[in-house]
Amino acid sequence: MMLKRLLAVISVLVPFLLISAMIGLCFGPSRYGFGEVLSVFTGGGNSEDIVYSIIRRIRLPRVMMAALIGGALSLGGLVFQALLRNPLAEPYILGISGGSAVGAIIGILMNLSRFPGVCFTAFTGSMAALAAILAISSGRSMLTKDSLLLSGVMLNAFCSAVIMFLISMTQDSRLHNIMFWLMGDLSAPGLREVAILAGLLAGPVVLLFLMSHKMNLLLMGKEMAGTLGVNVKLITLALFVATSYMISATVAFCGLIGFVGLVMPHLLRLVIGPDHRLLAPACLLAGGGYMILCDTLSRTLPKHGEMPVGVVTAIIGAPLFIILLKSARK
Amino acid sequence: MIDIKHLTHHYDQTAVLKDISFNVQAGDFFIIIGPNGSGKTTLMKHIAGIFPIRKGDIEILGRSVAEYRRRSLSKILAFVPQGAPSEFPFTVRETVLMGRSPHMGLLGVEQPRDIEIAENAMDFTGVAHIADRKLDELSGGERQRVFIARAISQEPKIMLLDEPTASLDLAHQIRIMDLMEKFKQDNQVTVVMVSHDINLAAMYGDRLLLLKSGRIVKIGPPKHVITYETMETAYGCTLLVDQSPLGDFPRVTTVPRRYIRQPVRKTEESQT
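First to last, the protein sequences are chains A and B.
So for the first sequence, the working numbering puts the first residue at 1; every next one is plus one.
So for the second sequence, the working numbering puts the first residue at 1; every next one is plus one.
Just so you know, the hints here were simulated from the structure itself, not pulled from any lab data.
Careful: at least some of the hints might be erroneous.
Unchecked claim - For lysine to aspartate or glutamate, the following EDC-like pairs were computed, each having C-alpha atoms within a straight-line distance of at most 16 Å: (1) K222/A x E87/B; (2) K182/B x D123/B; (3) K218/B x E229/B; (4) K45/B x E223/A; (5) K5/B x D57/B; (6) K157/B x D28/B; (7) K157/B x D186/B; (8) K182/B x E155/B; (9) K326/A x E87/B.
With the rest of the complex left out, here is chain A (with noise of 0.2 Å):
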């Protein structure tokens, strides 16, 4: 029954990706038709050929980079909402995004190289957050609704603060991009740091992945949780760092997109229902595709150059935020 669900989950949601990846390929300043791109991976083209050169060496690795920070985004929105058992939780709004943002940041000014000295003290960071944030807001509320939000958005205050502070504090040449990584940054890519990104996240995807049918559990509260067999403290510390070392990674990489782990999750769920066996891989292949939408958007919608993709998910997810935010006060 549920290997039949997760079948058809997949056979819908691949093809997206599949599409999503196409239009990514075919549109950006120049266009070029489905046939066009197919003739570049079947025909063996030319490698002297412009069109071989800007689809396989500059859209390629961007699509595939999309595809991974979004699927990685969007898991990582799913894991946070079952572990904290709120609907609104997301890496981004939450602050953890944030947290290695200064990280990051700061590996940058040690002139540390993007892998692994980068993505280490973006880990750092992350961590740093994920704790300051459940210190802020367990105690009696336990980890409610508002208190969990009020933290969130204290401390992405905070680290915005430290971020400009240090931007303000060098002139350095390294920090002219900062501004808009810090919006999302998805360009000039190599298939190297594809390959790299896809290396770091697929131990914590796999790991999630096993862990998707004790996520279900956890959901019926810790208590019930552990009497169903659950070792909870473990699972639970093994999510929050699988998931905050994912979340840190798409940022060490590609600076902060928020909002993909609150839209993805949420619409799929709406489909899907709550089980997390099936959420998990959606979440994965949708927010792929989605992140490749968008950033096709990123691409093609100004009319020099291009808008961090940052801008494009925000646009779109802030307001959803918010519809959730009050249909949750109901």
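With chain A's structure known, arrange chain B on it following the hints.
Only chain B this time, still in chain A's reference frame:
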């Protein structure tokens, strides 16, 4: 079956359970009663393995709870909580199937046998016809029967229930209690229940435990535990205790103030 030895529990300096020792025999319908704040639920959550034991010990089937792995304990012991969060509404079927998780593999993919057991449990508690409804659309009585079906599909040897009849109307209360009695008899399961309803406890319990302020006031068969001396001491109000017209078990009636100090009544009321 369950051996509790010198169990003591503090919550912020205040002792909630004070040196509790008793045992529950296999096949008992064991009901814990007592006034609010007497430590009933705390005691129950210690048996369920939810609260770690700091002082004293609880043995289940001759082994200390602390020695069990979560998973093996959950194959022996099922817990029905008072309520469950509904931010992420699962269907009735999905909820009941979760009871199979201690018996399922790492990925939690249910086998035909798991589905069959869950279906039987839903039939037994009378929720099969609403199997595809969502939890948050159900009434309190229906939801309670879903949680009981989940616990049943866990195939436990011991079933723990925390006030399963609280906030249900009379028909639903009796239905839940009848279900548990039948389940216990059909499957030779031990049932431990926390209840605030003394009359239900008297009618269904094989043995009762009366708690007050974290101490055992009395333990034994209903007739033995529910007397006006023990009950008035424990609850601190005037009560009329007589025999139920249904059979050989006590019945407790609360007494409004206007009936107190009227000499025409039977001896029980002269205790004020």
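Evaluated hints:
Proposed proximity of K222/A and E87/B is supported: the alpha carbons are some 14 Å apart, at most 16 Å. Distance check on the hinted pair: K182/B and D123/B sit about 13 Å apart at the alpha-carbon level, within 16 Å; holds. Among the hinted pairs, K218/B with E229/B is consistent with the structure: their alpha-carbon atoms are about 11 Å apart, no more than 16 Å. Distance restraint check for K45/B and E223/A: the Cα-Cα separation of roughly 9 Å lies within the 16 Å cut-off, and the hinted pair is therefore satisfied.
About 5 Å separates the Cα atoms of K5/B and D57/B, which keeps this hinted pair within 16 Å; it holds. Distance hint between K157/B and D28/B is fulfilled; the C-alpha atoms sit about 11 Å from each other, no more than 16 Å. Proposed proximity of K157/B and D186/B is supported: the alpha carbons are some 12 Å apart, at most 16 Å. Of the supplied pair hints, the one linking K182/B and E155/B holds, its CA atoms being roughly 15 Å apart against a limit of 16 Å.
For a cut-off of 16 Å, the pair hint linking K326/A to E87/B stands: about 14 Å separates their Cα positions.
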